[in-house]
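Visitor: Chains as they are written, first to last, in the numbering used here: chain A, 1 to 132; chain B, 1 to 557.
No wet-lab data here; the hints were simulated from the structure. Positions of the beta carbon are idealized from the N, C-alpha and C atoms, including for glycine. Careful, some of the hints might be misleading.
As the list claims (entries may be wrong) - Keeping only pairs whose Cα atoms sit at most 30 Å apart, straight-line, the calculated DSS-like set for lysine-lysine is:
{"no.": "1", "chain 1": "B", "residue 1": "Lys433", "chain 2": "A", "residue 2": "Lys5"}
{"no.": "2", "chain 1": "B", "residue 1": "Lys21", "chain 2": "A", "residue 2": "Lys30"}
{"no.": "3", "chain 1": "B", "residue 1": "Lys9", "chain 2": "B", "residue 2": "Lys21"}
To be verified - Label pairs and their computed distance ranges (CB to CB):
{"no.": "4", "chain 1": "A", "residue 1": "Thr121", "chain 2": "B", "residue 2": "Glu57", "range": "18 to 26 Å"}
{"no.": "5", "chain 1": "A", "residue 1": "Thr121", "chain 2": "B", "residue 2": "Pro483", "range": "47 to 55 Å"}
{"no.": "6", "chain 1": "A", "residue 1": "Glu78", "chain 2": "B", "residue 2": "Ala420", "range": "44 to 52 Å"}
{"no.": "7", "chain 1": "B", "residue 1": "Ala44", "chain 2": "A", "residue 2": "Asn131", "range": "41 to 49 Å"}
{"no.": "8", "chain 1": "B", "residue 1": "Glu436", "chain 2": "A", "residue 2": "Asp87", "range": "50 to 58 Å"}
{"no.": "9", "chain 1": "B", "residue 1": "Asp546", "chain 2": "A", "residue 2": "Lys81", "range": "53 to 61 Å"}
{"no.": "10", "chain 1": "A", "residue 1": "Asp87", "chain 2": "B", "residue 2": "Ala474", "range": "26 to 34 Å"}
Claimed, not checked - On the chain A side, residues computed to face chain B include the following (Cβ under 7 Å):
{"no.": "11", "residue": "Lys5"}
{"no.": "12", "residue": "Leu15"}
{"no.": "13", "residue": "Gly17"}
{"no.": "14", "residue": "Gly33"}
{"no.": "15", "residue": "Ile37"}
{"no.": "16", "residue": "Gln43"}
{"no.": "17", "residue": "Glu46"}
{"no.": "18", "residue": "Gly67"}
{"no.": "19", "residue": "Pro74"}
{"no.": "20", "residue": "Pro97"}
{"no.": "21", "residue": "Glu98"}
{"no.": "22", "residue": "Pro102"}
{"no.": "23", "residue": "Phe113"}
{"no.": "24", "residue": "Pro115"}
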Amino acid sequence: MKEKKLRILIAKPGLDGHDRGAKYVARALKDEGYEVIYTGIRQTAESIVKTAIQEDVDFVGLSLLSGAHNELFPKIVELLKENDAEDIVVFGGGVIPEEDIPFLREKGIQAVFTPGTPIKTIVDFIESQRND
Amino acid sequence: MEEFKKIKKAHDQWEETTVKKVTSRFPERKETFVTGSDIPVERAYYPASFDEEKWNEEIGFPGEYPFTRGVQPTMYRGRFWTMRQYAGFGTAEESNKRYKYLLEQGQTGLSVAFDLPTQIGYDSDDNMSIGEVGKVGVAIDTLKDMEILFDGIPLDKVSTSMTINAPASVLLAMYIAVGEKQGVSRDQLRGTIQNDILKEYIARGTYIFPPEPSMRLITDIFEFCSQEVPKWNTISISGYHIREAGSTAVQEVAFTIADGMEYVNAAVKAGLDVDQFADRLSFFFNAHNDLLEEVAKYRAARRIWAVIMKERFKARSSKSQMLRFHTQTGGSTLTAQQPDNNIVRVAIQTLAAVLGGTQSLHTNSKDEALALPTEDSVRIALRTQQIVAHESGVANTVDPLAGSYYVEELTNKIYHEAMAYIEKIQEMGGMVKAIEKGYVQKEIQDAAYRYQKDVEKGERIVVGVNKFAVKEEAPKDLLKMDPTLREIQIKKLAHIKQERDNEAVRRSLQNLEEAAKRSDVNLMPLIIEAVKGYASLGEICNVLRDVYGEYRESIVL
Numbered sequence: 001m002k003e004k005k006l007r008i009l010i011a012k013p014g015l016d017g018h019d020r021g022a023k024y025v026a027r028a029l030k031d032e033g034y035e036v037i038y039t040g041i042r043q044t045a046e047s048i049v050k051t052a053i054q055e056d057v058d059f060v061g062l063s064l065l066s067g068a069h070n071e072l073f074p075k076i077v078e079l080l081k082e083n084d085a086e087d088i089v090v091f092g093g094g095v096i097p098e099e100d101i102p103f104l105r106e107k108g109i110q111a112v113f114t115p116g117t118p119i120k121t122i123v124d125f126i127e128s129q130r131n132d
Numbered sequence: 001m002e003e004f005k006k007i008k009k010a011h012d013q014w015e016e017t018t019v020k021k022v023t024s025r026f027p028e029r030k031e032t033f034v035t036g037s038d039i040p041v042e043r044a045y046y047p048a049s050f051d052e053e054k055w056n057e058e059i060g061f062p063g064e065y066p067f068t069r070g071v072q073p074t075m076y077r078g079r080f081w082t083m084r085q086y087a088g089f090g091t092a093e094e095s096n097k098r099y100k101y102l103l104e105q106g107q108t109g110l111s112v113a114f115d116l117p118t119q120i121g122y123d124s125d126d127n128m129s130i131g132e133v134g135k136v137g138v139a140i141d142t143l144k145d146m147e148i149l150f151d152g153i154p155l156d157k158v159s160t161s162m163t164i165n166a167p168a169s170v171l172l173a174m175y176i177a178v179g180e181k182q183g184v185s186r187d188q189l190r191g192t193i194q195n196d197i198l199k200e201y202i203a204r205g206t207y208i209f210p211p212e213p214s215m216r217l218i219t220d221i222f223e224f225c226s227q228e229v230p231k232w233n234t235i236s237i238s239g240y241h242i243r244e245a246g247s248t249a250v251q252e253v254a255f256t257i258a259d260g261m262e263y264v265n266a267a268v269k270a271g272l273d274v275d276q277f278a279d280r281l282s283f284f285f286n287a288h289n290d291l292l293e294e295v296a297k298y299r300a301a302r303r304i305w306a307v308i309m310k311e312r313f314k315a316r317s318s319k320s321q322m323l324r325f326h327t328q329t330g331g332s333t334l335t336a337q338q339p340d341n342n343i344v345r346v347a348i349q350t351l352a353a354v355l356g357g358t359q360s361l362h363t364n365s366k367d368e369a370l371a372l373p374t375e376d377s378v379r380i381a382l383r384t385q386q387i388v389a390h391e392s393g394v395a396n397t398v399d400p401l402a403g404s405y406y407v408e409e410l411t412n413k414i415y416h417e418a419m420a421y422i423e424k425i426q427e428m429g430g431m432v433k434a435i436e437k438g439y440v441q442k443e444i445q446d447a448a449y450r451y452q453k454d455v456e457k458g459e460r461i462v463v464g465v466n467k468f469a470v471k472e473e474a475p476k477d478l479l480k481m482d483p484t485l486r487e488i489q490i491k492k493l494a495h496i497k498q499e500r501d502n503e504a505v506r507r508s509l510q511n512l513e514e515a516a517k518r519s520d521v522n523l524m525p526l527i528i529e530a531v532k533g534y535a536s537l538g539e540i541c542n543v544l545r546d547v548y549g550e551y552r553e554s555i556v557l
C-alpha cells in the first residue's frame with residue numbers, strides 16, 4: 001500500500017527577513033519526498049492560515065527569528081481552529097529561547113526546532129504524526 | 001624568472017619524493033581541502049604560484065591604487081578602527097541608556113538597531129507591528145523618539161551608524177532635526193545610513209517600495225547630502241546579509257560590488273558627477289571563520305572596486321576609488337550550543353577583519369544565537385576588539401599578510417571569480433534585472449543548501465553542533481523584552497498626535513505626496529519638514545506607499 005504523500009507549508013509570519021533556515025528546511029523536506037510549499041517572508045497570520053487551508057496541507061512549519069514567536073505562533077493555531085482546520089499540525093523553528101518552548105507547546109505548537117537541529121529530527125517528527 | 005622556474009622544479013620534486021613518501025603511509029585527513037567557501041586549497045604554496053612581477057599593479061602599497069593593501073598609508077598605526085557595537089532595543093529610553101553605557105566602556109561610535117516595524121515603515125500602532133515592537137531594535141514612531149534616543153549624546157562628538165534602508169530618508173531627516181535642536185549644524189554631522197535597498201530584495205527583506213522609486217529615494221539622498229551633510233556616508237553597500245543568507249565569500253564580494261555599481265549608475269543617470277558623491281559610498285562586509293580566506297576577500301574587494309571606479313566610471317579622485325568598509329562578525333556562525341565557544345569564533349573573525357583592514361567593526365556577542373545580548377556578553381565582545389587592538393600586535397604594521405603566497409593567491413582567485421560574476425550580472429542588464437530574474441537569490445540559496453548539506457553529512461564540522469556535542473542545561477540570564485512595549489509606544493504616539501499641529505502635518509504630507517509624483521524635486525527637504533512637525537514614520541511611508549506601491553518578493557526555491 002502506497003503511503004499518502006504529506007503536504008507541508010513552510011511559512012514566515014512576522015516581519016523578519018531571515019529566510020535561510022525556512023528555505024533550507026523547505027528544500028530539504030522536498031528532497032525527502034514531501035510536497036512542500038513556501039510562503040515567502042512577511043506573511044500575516046491570516047494569510048498563512050488561508051494558504052494552509054487552500055493548499056490542503058497536513059503540516060504548517062513556522063519560522064521566526066525576531067522574537068515575536070510568543071505572539072504570532074499561537075495566533076496561527078487559534079485561527080486554524082476557528083476555521084475548523086485544527087487537524088493541521090503546527091510546528092515551529094528559529095531563534096527561540098528554551099524557556100519559551102513549554103508555553104508554545106501549551107498553545108498547540110506541536111514541536112519547536114531550535115538552531116542546529118538536523119533535518120532528520122524534523123522528518124522523524126513529521127513521520128510520528130502520520131495518522132493513517 | 002629563472003629563479004621561479006627553479007622553485008617550481010623544487011616544488012614538483014618535493015611533491016614526488018618527500019610528500020609521497022609520507023602520504024603513501026599516512027594519507028591526509030581528506031582527499032581534497034577547500035576554504036569555507038569551497039575554494040580548493042593546495043598543500044603548500046610557493047613563490048612561483050604567484051606572479052611577483054605584477055606586484056605594483058595588483059598589490060602595491062597601502063593608501064595607493066588599487067588599494068589592495070588598505071585605504072590609508074598608515075592604517076592602524078595612525079588610529080585604530082572604530083569599535084562600533086550595533087545596539088538598540090525596546091524603547092528609546094532604554095536604548096539611550098545602553099548607548100551611554102557603551103560610550104563609557106570605550107566604544108567610539110554608535111550603531112543604531114531599529115525594530116522591524118520602523119525598518120519597514122510601520123508605526124507601532126499598525127496591525128502589522130503586532131509582536132514586533134521593540135524586539136530586534138528600538139521603536140521609532142516620531143521625532144520625539146529620536147530626541148529621547150540621543151538625549152545627552154552630543155551629535156557633533158559621535159559618529160552614528162543607522163541600520164535603516166527603505167525609510168532611510170525619514171530617519172536621516174529625524175537625525176538632522178535632532179542635531180538642529182542640539183545646535184549642531186548639518187555639516188558637522190558624521191555617520192552612516194545603510195540605505196542599501198538592493199540587498200534587501202536579495203537577502204534581508206525590509207523592503208517597502210519597488211526598485212525604481214527606491215533608487216530615486218537613494219539618489220535624492222546622495223544629492224542632498226553632497227550639498228548639505230558632506231561628512232555623512234550616504235550608503236553602506238552591504239555584503240553582510242548576503243553572506244548571512246548563505247552565500248560564499250566570492251558571491252559576497254561580487255553581489256555587493258554589483259549593487260554598488262547599480263547605485264553609481266543610478267546617480268550618474270540622475271545627473272550627478274561621479275566624484276561628487278562616490279567618496280561618501282561605504283561598504284559593509286561579514287567576517288566568517290575561514291581566517292585567511294576572509295582576509296583575502298577584503299583585499300580582493302578593495303582592488304575590484306578601485307579598478308571598476310577608475311576604469312568603468314572614470315572616477316578621478318582617489319577617494320572615489322577607495323573601498324572603505326565596516327565589518328560585523330558572522331551571526332550565522334554562532335551556535336546556540338555551548339555558547340561560550342562563540343567568544344573564540346568572534347576572536348578569529350575579529351582578527352580576519354583587522355588583518356583585512358576594516359575601518360570599523362562590530363563584534364557579536366556569545367549569546368546571539370539565543371536572544372538579544374546581555375550587557376555582560378556585549379562587554380566581552382567589545383573587549384575582544386580591544387585585546388586584538390592593544391595586545392595582539394597585528395595592528396602595528398599595515399597589511400601584515402601581504403606576500404603570503406597563499407593569501408595572495410586567494411586574493412587573486414576571489415578577484416577573478418567575483419569579476420566573472422560581476423560581468424555576468426552586467427550582461428543581464430545590471431543588478432535590478434538580475435534580482436527580478438531571481439538569479440542572485442538562486443545562486444545564494446544553492447550555496448546555502450550545499451553548505452548545510454555538508455554540515456548534515458558531517459563533511460563540515462561545527463564544534464558543539466555536529467561534533468563534540470554535550471548535554472546542556474538551557475541557558476539562563478537571557479535578555480527579555482517587555483511584552484507591554486507596544487502599549488507604551490502606542491500611548492506615546494497617540495499623545496503626540498494630540499499635541500502636534502495636525503493642520504501643519506496634513507499640509508507637509510500633502511506637499512510630500514505632490515513632490516513624490518514628480519521626478520524633478522528632491523524629496524529630502526520635504527521629509528525634513530514633515531518630521532519636524534512630528535509627522536510619524538508610518539504616515540510618511542504611507543504617503544509614499546500610495547504613490548509608489550509596494551514590492552512583492554518573487555519566491556525562489
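Visitor: It remains to establish, for every hint, whether it holds in the given structure.
Guide: Here is how each hint holds up against the structure:
Taken as a hint, the Lys433 of chain B and Lys5 of chain A pair is broken in the structure, with Cα atoms around 37 Å apart against an allowance of 30 Å. Simply put, Lys21 of chain B and Lys30 of chain A have alpha-carbon atoms about 47 Å apart, too far for the 30 Å limit, and the pair is violated. Between the alpha carbons of Lys9 of chain B and Lys21 of chain B the distance comes to roughly 18 Å, so the proposed pair stays at or under 30 Å and holds. The beta-carbon spacing between Thr121 of chain A and Glu57 of chain B, approximately 53 Å, falls outside the hinted interval of 18 to 26 Å.
A hinted range of 47 to 55 Å is violated for the C-beta pair Thr121 of chain A and Pro483 of chain B, which are about 30 Å apart. Take Glu78 of chain A and Ala420 of chain B: their Cβ atoms lie about 51 Å apart, and the range 44 to 52 Å holds. Distance hint check: the CB atoms of Ala44 of chain B and Asn131 of chain A are about 59 Å apart, inconsistent with the given range 41 to 49 Å. Evaluation of the 50 to 58 Å hint for Glu436 of chain B and Asp87 of chain A yields a failure: the beta carbon distance comes to about 39 Å.
At about 36 Å, the CB distance of Asp546 of chain B to Lys81 of chain A disagrees with the hint of 53 to 61 Å. Checked against the hint of 26 to 34 Å, the pair Asp87 of chain A and Ala474 of chain B passes, with Cβ atoms roughly 31 Å apart. With a cut of 7 Å, the hint placing Lys5 of chain A at the interface with chain B is violated, because the nearest CB-to-CB distance is about 18 Å. The beta carbon of Leu15 of chain A comes within 4 Å of a beta carbon in chain B, closer than 7 Å, and the hint placing it at the interface holds.
A cut of 7 Å between beta carbons decides the hint on Gly17 of chain A: the least distance to chain B is about 2 Å, and the hint holds. Taken as an interface hint, Gly33 of chain A does not check out: its beta carbon lies about 16 Å from the nearest beta carbon of chain B, beyond 7 Å. At a threshold of 7 Å, the smallest CB-CB gap from Ile37 of chain A to chain B is about 9 Å, leaving the interface hint violated. The restraint placing Gln43 of chain A at the interface with chain B is violated, with a minimum CB-CB distance near 10 Å, outside the 7 Å limit.
The interface hint given for Glu46 of chain A is violated, since its Cβ lies 10 Å from the closest Cβ of chain B, which is over the 7 Å cut-off. Satisfaction of the interface hint for Gly67 of chain A is found here, the shortest Cβ-Cβ separation to chain B being roughly 4 Å, below the 7 Å cut-off. At its closest, the beta carbon of Pro74 of chain A sits 10 Å from a beta carbon of chain B; the interface hint therefore is violated under the 7 Å criterion. Hint status for Pro97 of chain A: holds, given a least beta-carbon distance of 5 Å to chain B, under 7 Å.
Below 7 Å, beta-carbon pairs count as interface contacts, and Glu98 of chain A has one with chain B at about 4 Å; its hint therefore holds. Hint on Pro102 of chain A is violated. Least Cβ distance to chain B is approximately 11 Å, over the 7 Å limit. Hint on Phe113 of chain A is violated. Least Cβ distance to chain B is approximately 11 Å, over the 7 Å limit. Satisfaction of the interface hint for Pro115 of chain A is found here, the shortest Cβ-Cβ separation to chain B being roughly 5 Å, below the 7 Å cut-off.
Checked against the numbered hints above, the structure violates hints 1, 2, 4, 5, 7, 8, 9, 11, 14, 15, 16, 17, 19, 22, 23; every other hint is satisfied.
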